[in-house]
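A.B. asks: Sequence:
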Amino acid sequence: MRTSRRTFIIHSVGTAALAMTGSSIWAAPLQLQESDPAAQSLGYKANAGQVDRTKYPHYSNNQHCANCVYYHGKPSDANALCSLFGAKQVSGAGWCNAYQARA
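Reading the sequence shown from the start, the letters are residues -27 to -1, 1 to 76 in mature numbering (1 follows the signal peptide of the UniProt record, and there is no 0).
Please note that a few of the clues may not be correct.
Only pairs whose alpha carbons sit at most 25 Å apart, straight line, appear in this in silico DMTMM-like list of lysine to aspartate or glutamate [as the list claims (entries may be wrong)]: (1) K61 with D9; (2) K61 with D25; (3) K47 with E7; (4) K61 with E7; (5) K61 with D50; (6) K28 with D9; (7) K28 with E7.
Derived Cβ-Cβ restraints for the label pairs, each shown as a range [to be verified]: (8) Q4 with I(-19): 35 to 41 Å; (9) S(-16) with A66: 43 to 49 Å; (10) P10 with R(-23): 21 to 27 Å; (11) D50 with T(-21): 46 to 52 Å; (12) S49 with T27: 29 to 35 Å; (13) A76 with S49: 14 to 20 Å; (14) P48 with R(-22): 54 to 60 Å.
To be clear, the hints were calculated from the coordinates, so they are not data collected in a lab.
For clarity, every value in this text was computed on a predicted model and none was experimentally measured.
Ideal Cβ placement from N, Cα and C applies to all residues, glycine included.
When you get a sec, could you build the whole thing from the sequences and use the hints?
C.D. replies: The structure is reproduced here in structure tokens:
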């Protein structure tokens, strides 16, 4: 079977687009930074021990991302995705103002 140059180019472009899409799907999620606007709006701290208790008086020592309902990892995971921050990972030892204890 003989392939034309046009068919070859169309297949090459399609394959390249599929390869680029596939690589972005499997890319590792980014770690949420405290300087991120979304993180700042919720008072996110990567280390819950650094929470400003004058600003967030309802914070308690046993509240951290790893035992929050929005955390998509096991409580023993160091980092995992959070429903509130899209495709970014949060620290399991972190905390934000939207904290809700797992049931």
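A.B. asks: Now look at each hint and say whether the structure bears it out.
C.D. replies: Now the hints, each set against the structure:
| no. | hint | result |
| --- | --- | --- |
| 1 | K61 with D9 | 11 Å, holds |
| 2 | K61 with D25 | 23 Å, holds |
| 3 | K47 with E7 | 22 Å, holds |
| 4 | K61 with E7 | 12 Å, holds |
| 5 | K61 with D50 | 15 Å, holds |
| 6 | K28 with D9 | 19 Å, holds |
| 7 | K28 with E7 | 16 Å, holds |
| 8 | Q4 with I(-19): 35 to 41 Å | 40 Å, holds |
| 9 | S(-16) with A66: 43 to 49 Å | 47 Å, holds |
| 10 | P10 with R(-23): 21 to 27 Å | 49 Å, violated |
| 11 | D50 with T(-21): 46 to 52 Å | 48 Å, holds |
| 12 | S49 with T27: 29 to 35 Å | 31 Å, holds |
| 13 | A76 with S49: 14 to 20 Å | 18 Å, holds |
| 14 | P48 with R(-22): 54 to 60 Å | 56 Å, holds |
Hint compliance for this structure: hint 10 is the single one not met.
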